[in-house]
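Visitor: If you read the sequences in order, they're chains A and B. Going by the working numbering, the first sequence opens with residue -10, and the numbers climb by one from there. Going by the working numbering, the second sequence opens with residue -10, and the numbers climb by one from there.
A couple of the hints might just be wrong.
No copy labels: a pair is met if it fits in one copy or bridges any two.
Pairs of lysine to aspartate or glutamate, EDC-like flavour, derived with a Cα cap of 16 Å [claimed, not checked]:
(1) Lys91 to Glu75
(2) Lys11 to Glu30
(3) Lys91 to Asp60
(4) Lys(-9) to Glu86
(5) Lys(-9) to Glu4
(6) Lys(-9) to Glu34
(7) Lys(-9) to Glu30
(8) Lys(-9) to Glu10
(9) Lys11 to Glu(-6)
(10) Lys(-9) to Asp108
(11) Lys11 to Asp108
(12) Lys91 to Asp108
(13) Lys91 to Glu10
(14) Lys91 to Glu4
(15) Lys91 to Asp74
(16) Lys11 to Asp74
(17) Lys91 to Glu(-6)
(18) Lys11 to Asp81
If you're looking for bench data, these hints aren't it; they were derived computationally from the structure.
Number of protein chains: 2
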Amino acid sequence: MKIGELAQVAQCTVETVRYYEKEGLLSAPARTMANYRSYGELHVERLRFIRNCRALDMTHAEIHRLLGLMDQPAGDCGGVNQLLDEHIAHVDVRMAELSQLKQQLRELRQRCQSEQAMDACGILQGLASMETEPRHERQTHLG
Amino acid sequence: MKIGELAQVAQCTVETVRYYEKEGLLSAPARTMANYRSYGELHVERLRFIRNCRALDMTHAEIHRLLGLMDQPAGDCGGVNQLLDEHIAHVDVRMAELSQLKQQLRELRQRCQSEQAMDACGILQGLASMETEPRHERQTHLG
DNA sequence: ACTTGACCCTATAGTAACTTCAGGGTGTGC
DNA sequence: GCACACCCTGAAGTTACTATAGGGTCAAGT
Chain A
-10 MKIGELAQVA
0 QCTVETVRYY
10 EKEGLLSAPA
20 RTMANYRSYG
30 ELHVERLRFI
40 RNCRALDMTH
50 AEIHRLLGLM
60 DQPAGDCGGV
70 NQLLDEHIAH
80 VDVRMAELSQ
90 LKQQLRELRQ
100 RCQSEQAMDA
110 CGILQGLASM
120 ETEPRHERQT
130 HLG
Chain B
-10 MKIGELAQVA
0 QCTVETVRYY
10 EKEGLLSAPA
20 RTMANYRSYG
30 ELHVERLRFI
40 RNCRALDMTH
50 AEIHRLLGLM
60 DQPAGDCGGV
70 NQLLDEHIAH
80 VDVRMAELSQ
90 LKQQLRELRQ
100 RCQSEQAMDA
110 CGILQGLASM
120 ETEPRHERQT
130 HLG
């Protein structure tokens, strides 16, 4: 199977497939005589696995860890469970951040209910007078 | 006031200030004879405004729009209100996405309650067998 | 006068996960 | 024999910074 077909079954672009190969997430396949990449069923499975992880917003680093764990079939899956727990914690952190953000934005929005003169706008006044806080370290890769 | 002092009152780094200047968010200040940047009260106000917008997770493009609107004091603030409404909508979209994500992750996590053999792990099985969905267009810049 | 240290300058590269582009080769149907 | 869809590589662009290299400035201390 050529790269276009693989991309189609995995619902991503050809460029993304090549990028995963360069990143080491997907192993380099055999080549045809025309130097075209030639994929098999195992590549399909692995790429779909990767895309499913990405759909869950895992980073490449997390997916790398996961693939490394999977490729040691002798071990148990404790590491897999732990990785998932950590990832769920990332999502929780980001949800809490956004929730607080939304509250701040709602309060700000309340300060201007109509189309005022620019220098009377409560929103602009709010943005000018907020306590400027230092940017805190991220606890999550989720933006 | 030199750049280090400005950065301190605005709770950001010197590099960030220089970056904002390059981006056109902060206007280039006068220079001392030693070629040091020399800032005044207006720069302080504008930089704090920018940092407050960033604390609310606005993009530079949004901040640019906002500064452009502010700098036309003849107009009304309808555009400001609209920008804020759009930004709040971004936050809502991302919160909904994360909420769905968390549900998916919880269901996946449920599929493995103990440290099993690798090929019996319900999480890995789940990741392998999920419906692979095409990545949808982002409705929000929030990650 | 000399040095140490804190501060300033520019320009460049790195981050994450791709996307886009430039410039070219391959293979099939008419 | 040519158009057109597909494939190739390598480099640059995206966002909002951060970090690094390599250098200049200035005030205090010896």
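Visitor: Against each hint, give a clear statement of whether it holds in the structure.
Guide: Cross-check of the supplied hints:
Proximity of Lys91 to Glu75 under the C-alpha cut-off of 16 Å is restricted to the inter-copy arrangement: shortest distance 12 Å between copies versus 24 Å within a copy. For a Cα distance limit of 16 Å, the shortest separation of Lys11 from Glu30 qualifies neither inside one copy, at 20 Å, nor across copies, at 49 Å. When the C-alpha separation of Lys91 and Asp60 is checked against a cutoff of 16 Å, the pair qualifies neither within a copy, at 42 Å, nor between copies, at 26 Å. Taking the shortest alpha-carbon separations for Lys(-9) and Glu86, neither the intra-copy value of 43 Å nor the inter-copy value of 33 Å comes in at or below 16 Å.
Proximity of Lys(-9) to Glu4 under the C-alpha cut-off of 16 Å is restricted to the intra-copy arrangement: shortest distance 13 Å within a copy versus 46 Å between copies. For the homomeric pair Lys(-9) and Glu34, the shortest alpha-carbon distance inside one copy (15 Å) is at most 16 Å, but the shortest distance between copies (57 Å) is not. Only within a single protomer do Lys(-9) and Glu30 lie at most 16 Å apart by alpha-carbon distance; the minimum there is 12 Å, versus 62 Å between protomers. Taking the closest pair of Cα atoms, Lys(-9) and Glu10 come within 16 Å of each other only inside a single copy of the chain (14 Å); across copies the shortest separation is 47 Å, beyond that limit.
For the homomeric pair Lys11 and Glu(-6), neither the shortest alpha-carbon distance inside one copy (19 Å) nor that between copies (44 Å) is at most 16 Å. When the C-alpha separation of Lys(-9) and Asp108 is checked against a cutoff of 16 Å, the pair qualifies neither within a copy, at 61 Å, nor between copies, at 29 Å. Taking the closest pair of Cα atoms, Lys11 and Asp108 never come within 16 Å of each other, the shortest separation being 53 Å inside a single copy and 27 Å across copies. Taking the shortest Cα distances, Lys91 and Asp108 never come within 16 Å of each other, neither inside one copy (24 Å) nor across copies (42 Å).
Neither within a single protomer nor between protomers do Lys91 and Glu10 lie at most 16 Å apart by alpha-carbon distance, with minima of 39 Å and 29 Å respectively. In this homomeric assembly, Lys91 and Glu4 never come within 16 Å of each other (Cα to Cα): the closest approach is 36 Å inside a single copy and 29 Å across copies. Taking CA atoms no more than 16 Å apart as the test, Lys91 paired with Asp74 passes between copies only; the shortest distance there is 11 Å, against 26 Å inside one copy. Proximity of Lys11 and Asp74 under a CA criterion of 16 Å is satisfied in neither setting, with 28 Å inside one chain copy and 41 Å between copies.
With identical chains, the CA atoms of Lys91 and Glu(-6) are never at most 16 Å apart, being 42 Å at best within one copy and 31 Å at best between copies. In this assembly of identical chains, the alpha carbons of Lys11 and Asp81 never lie at most 16 Å apart, being 31 Å within a copy and 35 Å across copies at closest.
When held up to the earlier numbered hints, the structure conflicts with 2, 3, 4, 9, 10, 11, 12, 13, 14, 16, 17 and 18 and fits the remainder.
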